[in-house]
Amino acid sequence: MDNQGVLGIFSYLDVTVNAVKKLKNEGFKNLRVFSPMPNHEIEHVMDEPESIVRFFTLFGAMLGAACGVGFTVLTSTDWPISVSAKPIVSIPPYIVIIFELTILIGALSTLLGLLINSRLRRNTPKSMYDPRFSEDKFGVMVTCAKDKVKKVEEIFNSEGAEEIKVDGV
Amino acid sequence: MSEQTSLTYAKVNEDIIRMLDKPTVKWLALFLPTLGLVGFGLFCFLYQVYTGLGVAGYRHPVFWGVYITDFVFWVGIAHSGTLISAILFLFRANFRLSIYRIAEAMTVFAVLTAGLFPIIHLGRPWFFYWLFPYPNQRELWVNFKSPLLWDVFAVSTYLTVSSVFFFVGMIPDIAAIRDRVKEVPRKIAYSILSLGWKGSNWEWLHYTRAYLFFAAFATPLVLSVHSVVSWDFAMSNLPGWHTTIFAPYFVAGAIFSGLAMVITLTVPIRKIFRLEQYITLDNYDGMAKLIILTSLIVGYAYGVEFFMAWYSGSPYEWGQFYYRATGEYALFYWIMVVCNVIVPIPLWFKSVRRNIKILFIMSIFINIGMWFERFNIIVISLSRGFDPAAWGIYKPSWVELGITVGSFAWFFMFFLIFIKTLPAVSIAEIKEILPVPRKEAKDNG
Chain D
1 MDNQGVLGIF
11 SYLDVTVNAV
21 KKLKNEGFKN
31 LRVFSPMPNH
41 EIEHVMDEPE
51 SIVRFFTLFG
61 AMLGAACGVG
71 FTVLTSTDWP
81 ISVSAKPIVS
91 IPPYIVIIFE
101 LTILIGALST
111 LLGLLINSRL
121 RRNTPKSMYD
131 PRFSEDKFGV
141 MVTCAKDKVK
151 KVEEIFNSEG
161 AEEIKVDGV
Chain W
1 MSEQTSLTYA
11 KVNEDIIRML
21 DKPTVKWLAL
31 FLPTLGLVGF
41 GLFCFLYQVY
51 TGLGVAGYRH
61 PVFWGVYITD
71 FVFWVGIAHS
81 GTLISAILFL
91 FRANFRLSIY
101 RIAEAMTVFA
111 VLTAGLFPII
121 HLGRPWFFYW
131 LFPYPNQREL
141 WVNFKSPLLW
151 DVFAVSTYLT
161 VSSVFFFVGM
171 IPDIAAIRDR
181 VKEVPRKIAY
191 SILSLGWKGS
201 NWEWLHYTRA
211 YLFFAAFATP
221 LVLSVHSVVS
231 WDFAMSNLPG
241 WHTTIFAPYF
251 VAGAIFSGLA
261 MVITLTVPIR
271 KIFRLEQYIT
281 LDNYDGMAKL
291 IILTSLIVGY
301 AYGVEFFMAW
311 YSGSPYEWGQ
321 FYYRATGEYA
331 LFYWIMVVCN
341 VIVPIPLWFK
351 SVRRNIKILF
361 IMSIFINIGM
371 WFERFNIIVI
381 SLSRGFDPAA
391 WGIYKPSWVE
401 LGITVGSFAW
411 FFMFFLIFIK
421 TLPAVSIAEI
431 KEILPVPRKE
441 AKDNG
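As you go down the protein sequences, you meet chains D and W in turn.
Sequential numbering from 1 applies to the first sequence in the working numbering.
Sequential numbering from 1 applies to the second sequence in the working numbering.
Calculated from the structure, these hints are not laboratory results.
We put the beta carbon where it would ideally sit given N, CA and C, even for glycine.
Okay, the calculated bits of chain D under chain W, using three or more residues with CB under 8 Å as the criterion: (1) 8-18; (2) 31-40; (3) 73-79; (4) 98-112.
Just chain D, same shape as in the assembly:
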């Protein structure tokens, strides 16, 4: 692909959001917005689908519960010792173990879901990241065909971008 990355750096949230709106109206789809904190306005304008981390959480929790049941029941029946006619498989005490494993494996799979889905380390070329994004600047990165770069720069300039960087992707 003969694509190019164009990055606009902004100091204000409202102009960042406006730039994204304009880019979307012009048909640009491959956009990334950088910000020093999570923000609902950015989330709203980007209109990304709901995070699928929740499925990792759900399946992790279900797996944890299943492990809890499996561990307790299988080990109790592995070497059954009957004490005072008490049941070999006794549900009330096992609920504690099931509960703890549900939370443990649910939380660990949420972490896995976060690491996989947020595409840490590979969602932006290194050259397109600016350290000021973790401080007080906002950034909009567009990946587009080479002949569209001018248009993107035009939009960034009209919205008052402080700096524009262009790089190969």
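Given chain D's structure and the hints, the job is docking chain W onto it.
Just chain W now, kept in the frame of chain D:
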């Protein structure tokens, strides 16, 4: 949050990352004695391992003494960290923002400390792994019906989940440090820890959802872990232990003591690192209100225990509580009542809640009171069981006291390392409550 209005995004980065500058003389003056006490605690432990558990003050009938007191105390201390970071996050209580990172760190280090004590308490600590269910050639499995095993699962789950929660919360802030530091080894270390975080919308989307789920998982965990710890006692048949009030009573006590510890830790940090704009009087006011609530619950529990002992008609139960208030350990009982019920009463007044010095002194009294609460529950009940022929008095030995002092030093050692290596206040979340920079607002003056 009026004190925070003059802050800007850049200043937040500047102020928080400044805390990680080279250790000062003051820091070293705290750290080195702490390290010395950890060494003394380690010496006591090794002496006990070499000589045998007999050097602990355990005497018939008290075979759970200071070690188990310390265990319950430290698990309790851990709880308010998760309360502040998870439960108050779900309730969107903004007063948590400046203090939650310190509280989370406290949680992780307190659980790390608590986890040592069941092992120290073992006669053969090198076999601690027998607590975990692992396949072995004799097909010996752990007893899942034992409350002590529930503890193993609860505490290790709590340590894992709170560590993950703590670490994930720090990723964007570690990235901010990575982007600022110049020295190569630090840059590499923070780059690895930040996992390549860039703050893109994609990352924030998944991050905020994952954080919400961690909070949702951690919330019931807070309530369950200390309930499980209380069941170590409540599931047995001993007077003073066998009671249904223990789970809520322990959870409230845990949050009560943990909040006090957060105050104990944040007051000096606020002063030393000049964080008055971040850790504001509103933060302390919010915590003090929670202390009032939990103190009332704990005070109610102290009272209702006596009522239940009397109303049950059981001479053993009533004898136990009468003994607690009037017997050989009465001084400890009344220290507990005064520190946990009487001392927090002035917090009903706003001027007291917003007076940092008074809060700091109160928090130390509450910590002392809560340690004695655990001591009273454990030791007094064991000293006076059903049979007068089996009654006895327990006194901790120097080895136990040395290990206890060492455990406090161990906790503070981790904490001192933490404030010099990781962001002690959440950079990204503080920015969330600051006014967003808008060109429109600037143009309109």
